[in-house]
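*Asks:* Letter by letter, the chains look like this.
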Amino acid sequence: MSEFLLEMKNISKSFSGVKALDGIHLQVRRGECVGLCGENGAGKSTLMKVLSAVYPYGTWEGEILWEGHELKASSIRETEKAGIAIIHQELMMVPHLSVAENIFLGSEISNHGFLDYDAMNARAQELLAKLNVHDINPALPVLNYSGGKQQLIEIAKALNKDAKLLILDEPTSALTATEIRTLLDLIKSLKAGGLACVYISHKLEEVAEISDTVTVIRDGTHIATRPISDLTTANIVTMMVGREMKNLYPKEEHAIGEVVLEAHNVSCWDVTNPDRKVVDDVSFQIRRGEILGIAGLVGAGRTELVSTLFGAYAGSHKGSVHLDGREITIRSPRDAVKAGICMVPEDRKRSGILPIIGVGHNMTISVLNRFAAFGLIDEHEELAQIQAEILRLKIKTADPMLPIASLSGGNQQKAVLSKMMLPDPRILILDEPTRGVDVGAKYEIYKLIFALAKAGVAVLMVSSELTEVLGISDRVLVIGEGRLRGDFVNDNLTQEHVLAAALGQSTQMA
Amino acid sequence: MANVNLRKFLSENKIVALLIVVGLIWALFGYLTYNADTGVSGFLTARNFSNLLRQMAITGILAAAMVFVIVAGEIDLSVGSLLGLLGGIAAILDAVYGWPLAGTISFVLLAGAALGLMNGWLTAYLGIPSFIVTLGGQLAFRGAVLGLTGGITIAPVSPSLRYIGQGYLPGWLGNGCAVLLFLVLLVMAFRTRRKRLQHNLQVPTPVMEAVRLVVIALFILGFVLVLNSYQGIPVPVLMLLFVLGIFTIIAKGTVFGRYIYAVGSNSEATRLSGVNVNLVKMVVFGLMGLMAALAGITTTARLAAGTPSAGFGGELDAIASCFIGGTSMRGGVGSVIGALVGALIMASLDNGMSMLGVDTFWQQIIKGIILVIAVYLDIISSGVKRL
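First to last, the protein sequences are chains A and B. Sequential numbering from 1 applies to the first sequence in the working numbering. Sequential numbering from 511 applies to the second sequence in the working numbering.
Hints should not be assumed to be uniformly reliable.
Taking beta-carbon pairs under 10 Å as the criterion, some of the chain B residues facing chain A (in silico) [said to hold, decoys possible]:
# : residue
1 : L645
2 : N710
3 : P714
4 : M839
5 : R840
6 : V843
Hints listed in this document are in silico derivations from the structure and should not be mistaken for laboratory results. Note that CB positions come from ideal geometry on N, CA and C, so glycine has one too.
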């Protein structure tokens, strides 16, 4: 038996002449967790697609050894059979099917062609119990469970297929802190039981916590593979970006002026469950040139709060908003943009980009009338503005007419930011502005935020990354279970402080 | 490698690929209808070309607006019945009440726009899926036309109305239009060039530009000369070209057009960008109703009568034309010119097969197969699955 469970040797893969992977190595021992790090577009996902035969054998160069034998899989089914399971960043669950049906999707237990629900439910229960999960009912539809629980169901599904290697691609990007804890502990216990895993994440603290070795790739090339004991997160970042990141947050002095926006007693009710209050009587104000961070756990009601201000919340809500001391009514995003309030939404793919439309046209969609006379667009004036913006925000695209979906996450996000900056807003709401964005692009987004504040824009930023909130905010609002739990000036404020505010009082309530 | 380049070229210039298909179909029918005694093929005569274009005019007018509906991510199944209803109203106003032509046309166009806006309002503001709204409309409008006409043909309509469907432009006027069109294109080419230079954008070399304009000029010249050698440009064809021009400008050059494509690409993101998505959708249906009215008037004029079955199945021809012309079922992608070439392909098949005496049932079977093949070819040529 070979020392390694998996050995990928010298893997190269090109897309129409462009090398996405260039001689990558990856080795995983039994019971080992390998952290795979790299910026967006570095080639992590491509590498995993090669491994799982999304790109079948023959479409790439190099060699994959699985338990010492060469693996020449031509479909995902074959790699799954061999024992490789991938859990994607976006969960692949069928929401209306039950937990058990999802776990057994493609490998149903049947009796003469009829599904044996009892057997499937019992086996699902068993699998979940093995994961130390006892509060999931296998007979209920998956949509009843949160992202974190669904993640666990995915793992149960992988275990059912006798996976020997589990690949987790950004598994925690949509999880709450408690859910992340549960997941990391679970991975550790699975590891102790002999399961190997590849952990892909931008959250380096998590990588550091559970990995035994870390492989860093950059621009499709292999940079380093080292045991975690030799590394610090700072080392990893340096290797990922290929330069020293001295300061993650390019803080710039900016003057804070008078109050521009005040929200009074905002309450929102859940869209699907109208009796559940998701935001409960929140009031706050924000000043000219101020960066106001909104911290809190996922599901605390932050997104609901800001989308209500932007007129985009679908459920029922009440409360009043004052702009420059005068009450305003915002019924739709259109009203908001007109009033000078813009928002970059949380879910870029679902509500940020117009995927098949050009990058440039994505950027100008909110300000088209600026280039138009009698409804006719002056394309040349528009294009000139687009090119200026692309240069200013350093958006990497071969052509401004290229569909935005073909760009990397960071560049897509920059284009969406540009779209919401072009209307010259007085208040800019950013909901998770750096989610799924690589370190380099993050830095540039922070720089933009500071530039905006300097120009007098009030920036309201929702973020689940506490370091980010503390790194750039002037003031921090903490929301917990829909209520305002704290309003702190960001002066010697610590993560513990903020977390305590978000959690501590909620335990008092219970 | 050459193969890859060709594929890339065709997927970027879908319209060229479609025109090649038209050429192949014409060559096939030209060969099949060749008469050795007279030395001419029946399909490739000026007369038949003129007929062919007149036949596609009505489907083409519907398809031009249907592109917008489909690009916006919706569907309109009611246009065939709506065409019948509005054509019937035109016939009644003209033949029974003797309204002046201008009055009849304005009333019918307004009614069409209003009914279209109603479809749009039900879809966009009340949130009823357009498939359901317009399926209901298909039944209701057909019922209304049966009720209005009492199930009988309304005839005869006035000669002035007939001219819209059956008339031809005199040769000098046709030539005049062609020259005017070319001058407009010439001026636009110069303006674009100047503007691009002004903003420091790339411009094609003067030689390339000149070649492009000469090709366009030859195309227009050939088109007009062929039609003039028969009876002139048919009035419905002129209308169709006019619709093509207007709708292409809307699609490519206006704020509203950009919004249609944005809504089809991601309506939620468009809404969050501050665009009134509901209004855009409603107006798209309004335009569809307006074009159904124009097609209805033309149908009545062409038949010189209002018949209760006019436009039956017209929505399917229009939708098929859009899909053959490269419009995506998922919305966000499609061009007006593509849809019209799609309509031309359908009309060519109809015309050629009729000329060869192919049974109607075979014609339908073949058209159905061609639709599926055309969309499949589009899928493999663009290298991405559209569904």
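*Asks:* Work down the list of hints and note, for each, if the structure agrees.
*Replies:* Checked hints:
no.	hint	result
1	L645	violated (25 Å)
2	N710	holds (7 Å)
3	P714	violated (14 Å)
4	M839	violated (13 Å)
5	R840	holds (9 Å)
6	V843	holds (6 Å)
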